[in-house]
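Residue strings, one per chain:
There are 2 protein chains.
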Amino acid sequence: MQLKSQVEWALHCCAILGMLPPDRHLSAKALAEFHGVPKEYLSKALQSLSQAGVVHTTAGVAGGYRLARPAGELSFLDVVEAVEGRRSTFQCANIRANNPCRPADQCDDKPCAVARVMWDADAAWRASLAGVNLAGLAATLNDDLSRELLAASEKWVLDRAR
Amino acid sequence: MQLKSQVEWALHCCAILGMLPPDRHLSAKALAEFHGVPKEYLSKALQSLSQAGVVHTTAGVAGGYRLARPAGELSFLDVVEAVEGRRSTFQCANIRANNPCRPADQCDDKPCAVARVMWDADAAWRASLAGVNLAGLAATLNDDLSRELLAASEKWVLDRAR
DNA sequence: TGAAATGCGGATAATAACTATCCGCTTTGT
DNA sequence: ACAAAGCGGATAGTTATTATCCGCATTTCA
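Listed in order, the protein sequences are those of chains L and Y.
Numbering-wise, our numbering puts 162 at position 162 of the first sequence, and it's gapless, one number per residue.
Count along the second sequence from 1, then add 162; that gives the number in our numbering.
Think of the hints as simulated: they come from the structure by calculation, not from any bench.
Heads up, some of the hints might be wrong.
Claimed, not checked - In silico SDA-like pairs for lysine to any residue, Cα to Cα no more than 20 Å straight-line:
| id | chain 1 | residue 1 | chain 2 | residue 2 |
| --- | --- | --- | --- | --- |
| 1 | Y | K191 | L | P100 |
| 2 | Y | K317 | L | N98 |
| 3 | Y | K206 | Y | L239 |
| 4 | Y | K272 | L | L150 |
| 5 | Y | K317 | L | A123 |
| 6 | L | K155 | Y | C263 |
| 7 | L | K110 | L | A123 |
| 8 | Y | K272 | L | K110 |
| 9 | Y | K166 | L | C92 |
| 10 | L | K4 | Y | C263 |
| 11 | Y | K317 | Y | P184 |
| 12 | Y | K166 | L | A123 |
| 13 | Y | K272 | L | W119 |
| 14 | Y | K166 | L | N94 |
| 15 | L | K4 | Y | K191 |
| 16 | Y | K166 | Y | P183 |
| 17 | Y | K272 | L | S146 |
| 18 | L | K39 | L | R160 |
Remember, predicted model here, so these are calculated numbers, not experimental data.
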């Protein structure tokens, strides 16, 4: 079970978009070039972010993307769910219903005990993702990266932002 | 991103194996019939459990499986990792290295900030799974299911156990 | 006003992963 | 010796992921 590579791309794109001043935006082409990923396919991830309301899209020539809300109000979970969807990673096929000892007409008042545990774990995963927002990511990057790289990257982005 | 159906099967199989008295075991054929899943493919999941040390295998005619340890010492995580593997659900392709502003020879002293958050969430998921063991599952099932179904299922299993 | 750049949605492949089955082999109880 | 069982490898069928392409609508700018 692996998350799609688009999740990683979307998170890095949001980190970059968080560097933009309000009301400026960056194209899919620039984001793809910055991250070294195929533009057409990255566009699909950006479209998912747009549909989920994580980013705001500007159409037309010189169009592009910006964060739909302040970085402090956008969590990792928002981004991950935009790309991966909100369905639990565990799908219960209700195989308990195949128990040969079970009356065929029995109806279950509770979800399967196995599924409940798996869903709890899924909820813990999402809660962890919900606990980190893009402002926190920016702060971490600020600590991790050199002044030079940060400044150069910001310049690169702002030179291409509209 | 969906967990394999084999995860669900393996967990339900372990729940059944937990009903067996020590030193008795149940065949893949019986487990497959009980859960209404294809025997050949279920066998693959059981082989994974065996290789991971979750279950103990008895070879030869009248062979089969039993839990390798007491139910209280086997967690959901043990079962899930046996089938899904121990690799994180998030794979970092290190796309930060593609940043055009970055010197080509730069080496990173820390893992990518995005990956760290994703790995923390993965760890939270696994911690949640590690917090429930098969004895706890048995207790839950004991509360959830009717006396009749529990007794009938136990009889069905014991009739086929060796 | 028209050309160019951009995002969007659908269609289409290529690749990988998951699901499933089969077969020969070894082991073991009767 | 034989039958039933688990194991490992081989092989398909199906689904999901990755990737590309195309036409269309929108918008900027000359």
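Here is what the structure says about each hint:
At roughly 14 Å between alpha-carbon atoms, Y/K191 and L/P100 fall within 20 Å of each other, so this suggested pair holds. A C-alpha spacing of about 16 Å is found between Y/K317 and L/N98, which places the hinted pair at or below 20 Å, so the restraint holds. For the proposed pair Y/K206 and Y/L239, the alpha carbon gap of about 18 Å is at most 20 Å, so the pair holds. Using a Cα cut-off of 20 Å, the hinted pair Y/K272 and L/L150 holds, with the two alpha carbons roughly 16 Å apart.
With a CA separation close to 36 Å, the supplied pair Y/K317 and L/A123 exceeds the 20 Å bound. Restraint check for L/K155 and Y/C263: the C-alpha separation of about 9 Å stays at or below 20 Å, so the hint holds. With a C-alpha separation of about 18 Å, the suggested pair L/K110 and L/A123 falls inside the 20 Å cut-off, and the hint holds. Taking the CA atoms of Y/K272 and L/K110, the gap is about 45 Å. The hint is violated against a cut of 20 Å.
In summary, the hint linking Y/K166 to L/C92 is supported, as the alpha carbons are separated by about 11 Å, within the 20 Å threshold. Pair hint L/K4 plus Y/C263 does not hold up; C-alpha atoms about 26 Å apart against a cutoff of 20 Å. A C-alpha spacing of about 16 Å is found between Y/K317 and Y/P184, which places the hinted pair at or below 20 Å, so the restraint holds. At most 20 Å may separate the alpha-carbon atoms for a hinted pair to count; Y/K166 and L/A123 meet this at roughly 18 Å.
Restraint check for Y/K272 and L/W119: the C-alpha separation of about 32 Å exceeds 20 Å, so the hint is violated. Between the alpha carbons of Y/K166 and L/N94 the distance comes to roughly 14 Å, so the proposed pair stays at or under 20 Å and holds. Straight-line distance between C-alpha atoms of L/K4 and Y/K191 comes to about 36 Å, which puts the hinted pair past the 20 Å bound. At most 20 Å may separate the alpha-carbon atoms for a hinted pair to count; Y/K166 and Y/P183 exceed this at roughly 29 Å.
Distance check on the hinted pair: Y/K272 and L/S146 sit about 12 Å apart at the alpha-carbon level, within 20 Å; holds. With a C-alpha separation of about 15 Å, the suggested pairing of L/K39 with L/R160 holds against the 20 Å cut-off.
Figure legend: structure checked against the earlier numbered hints; hints not met, in rising order: 5, 8, 10, 13, 15, 16.
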